[in-house]
Amino acid sequence: MKRHFLAPPRLSLRFFPIWRRHFLVWRKVAVTSVLGHLADPVIYLVGLGYGLGSLLPTMNGMSYMTFLAAGTVCYSTMNSASFEALYSSFARMHEQRTWEAILNTPVTLDDVVLAEILWAASKSLLSGTAVLLVVWLLGLSHSALSLWLIPLALLVGLCFAALGLIMTALAPSYDFFMYYFTLVITPMMLLCGVFFPVAQLPGFWQGVAAALPLTHAIDIARPLLRDEFPSGMLLHVAVLCSYAIAGMYLSLVLLRRRLSK
Amino acid sequence: MSPAILAENLHKSYGGQKVVDGISLSINKGECFGLLGPNGAGKTTTLRLLLGLSEPDSGTINLMGQAVPQHAREARVRVGVVPQMDNLDPDFTVAENLLVYGRYFGMQDKEIRARIPMLLEFANLTHKRDVKIPTLSGGMKRRLTLARALVHDPDVIFLDEPTTGLDPQARHLIWQRLRELIARGKTLLLTTHFMDEAERLCHRLAVLDHGRIIAQDTPPALIAQYIEPQVVEVFGEQAQAWAHAHAAHYTGRFEVSGETAFCYVTDAEPLLAHLKQQPGLRFLHRPANLEDVFLKLTGREMRE
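In the order they appear, the protein sequences are chains Z and P. Residue 54 is where the first sequence starts when you use my numbering, and the numbers rise one by one after that. Residue 36 is where the second sequence starts when you use my numbering, and the numbers rise one by one after that.
Same shape as in the complex, but just chain Z (with noise of 0.2 Å):
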């Protein structure tokens, strides 16, 4: 690993153009985008809370389609960056050429790794309001403390954008991510907290979930959604900046790599 590989990212309001063009391609198809996002979401919200909630009881004085609402706006939110920072960057990345036409203007790597995690985590902010939306309007959320959720949505798609740019920076093609999804995505959805809490898995598992990211996002959510505060708060903050932070040096550091080549 070659040492100015290493140096730290130096950002700067240059990847602002950036981030535009790729508002500007997702305005043409931005009513299906919407539409693409809200679906699977919506579907098992409304599925497993209907259908399975209605099998149980009450859980902590929620129901269970309460329960789910928390989770879904987080873990849609999770999957939007995820999609963005994998297939589309990639697709920018290697298939495109399009970094390689902005590379030879005075934008740096530095500045395209920033504006690609920004514009995924654009795509979190609007996927988790859009969910949002759909729980005020089924009634599962009263609190005006559930808008502290659309700047949780940010930050979770910063987190997850981040890491995310990290598989993009290592993959021969796009078959790769088909592992990060059956590996990392799906089992945080089972561990997590998003179809029931993590107090049910066993220690050891309740351990591996402490140290993932979408649980602390999650562990903000559903209090917000009940008008609570959340617990631990700053904890949870500080662990899902941590990972945005480190895995945005990770992936800056691994591209930088990719393409001195």
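Treat the hints as calculated values from the structure; they're not laboratory data. Here a beta-carbon is modelled for each residue, glycine too, at the ideal position from N, C-alpha and C. Please note: incorrect hints may appear among the correct ones.
Quick look at which bits of chain P chain Z covers, simulated, 3 or more residues with Cβ under 8 Å [as the list claims (entries may be wrong)]:
1) 83-94
2) 123-131
3) 134-140
Each computed DSSO-like pair below joins lysine-lysine, with the alpha-carbon atoms no more than 27 Å apart [claimed, not checked]:
4) K167(P) - K145(P)
5) K55(Z) - K53(P)
6) K53(P) - K81(Z)
7) K314(Z) - K53(P)
8) K331(P) - K314(Z)
9) K145(P) - K163(P)
10) K53(P) - K331(P)
11) K167(P) - K81(Z)
12) K176(P) - K145(P)
13) K81(Z) - K314(Z)
14) K81(Z) - K176(P)
15) K163(P) - K176(P)
16) K81(Z) - K331(P)
Dock chain P against chain Z, hints included.
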């Protein structure tokens, strides 16, 4: 006047293989300079080093007065790049491609929009303004890529094999446009493996092989220095047998490649008189060109 591009003793290795092995270049402002070389000679890597996209293992670079890679960002403000492979944005129209690209240079939308009609005219794409990229022909895409490289009115333009894969009509149009840019005083650095392209456009050339510059001069000077002025190509089934029996008698130097014998001579008359007596052979008498120099310097074997 300081040179537009100055590189001294550049070295770059990938995985133990020397790709650039001691290249020095000095390219004047307003000059069209060609980097010629077979595949894998180090042309594209040299361009990447000069642009600051890759760090040299050793050596120094100055691009438009800026030290590269330290100040590559500032240097690239005044440089336009036409890459080897098209990387236009397929989701955008022709005009949107120019608009979005201009923003990367920090230009205001108003400023870019004011330049778009002129750029489209330069690229003969005015009628395609609102068309999406996948519907354009290869030649149109190249022209748009050239127009995109000019969006910020750069002083220096890097072109990596600008006409590879184009048909003759499209190629001639690109050449015409590049000559217009030279006439406007732009500095051009182009890589190519088309000798006619280099001969038509470039004021000076460097021939690269195995990461080194093996010859550097104006096209006529390279021809005068490295090769006899006349070439007689002899071809046909018997060319090989004829060459081995007689060529040495008429020519100081000859090469046989497949069914063609290339005879390099100062005075072609005795050879031509002899060939006219040989009914089984066909021949072509022509002045020596850059391709003869290139093949002499880099050899005839395939590079893959």
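Taking the hints in turn, this is what the structure says about them:
1. 83-94: holds (count 4)
2. 123-131: Holds: 6 residues of the segment 123-131 of chain P have a Cβ under 8 Å from chain Z.
3. 134-140: holds (count 5)
4. K167(P) - K145(P): With Cα atoms ~22 Å apart, K167(P) and K145(P) stay inside 27 Å; holds.
5. K55(Z) - K53(P): Given pair K55(Z), K53(P) holds - Cα atoms ~17 Å apart, limit 27 Å.
6. K53(P) - K81(Z): violated (46 Å)
7. K314(Z) - K53(P): holds (13 Å)
8. K331(P) - K314(Z): violated (31 Å)
9. K145(P) - K163(P): Holds: K145(P) and K163(P) sit about 21 Å apart, inside 27 Å.
10. K53(P) - K331(P): holds (23 Å)
11. K167(P) - K81(Z): holds (12 Å)
12. K176(P) - K145(P): With a Cα-Cα distance of about 24 Å, the restraint between K176(P) and K145(P) holds, given a limit of 27 Å.
13. K81(Z) - K314(Z): violated (34 Å)
14. K81(Z) - K176(P): Since the Cα atoms of K81(Z) and K176(P) sit roughly 22 Å apart, the hinted pair holds (cutoff 27 Å).
15. K163(P) - K176(P): At roughly 11 Å apart (the allowed maximum being 27 Å), K176(P) and K163(P) satisfy the hint.
16. K81(Z) - K331(P): Measuring from Cα to Cα gives roughly 54 Å; hence the hint is violated.
Hints 6, 8, 13, 16 from the list above are not met by this structure, while the remaining hints are.
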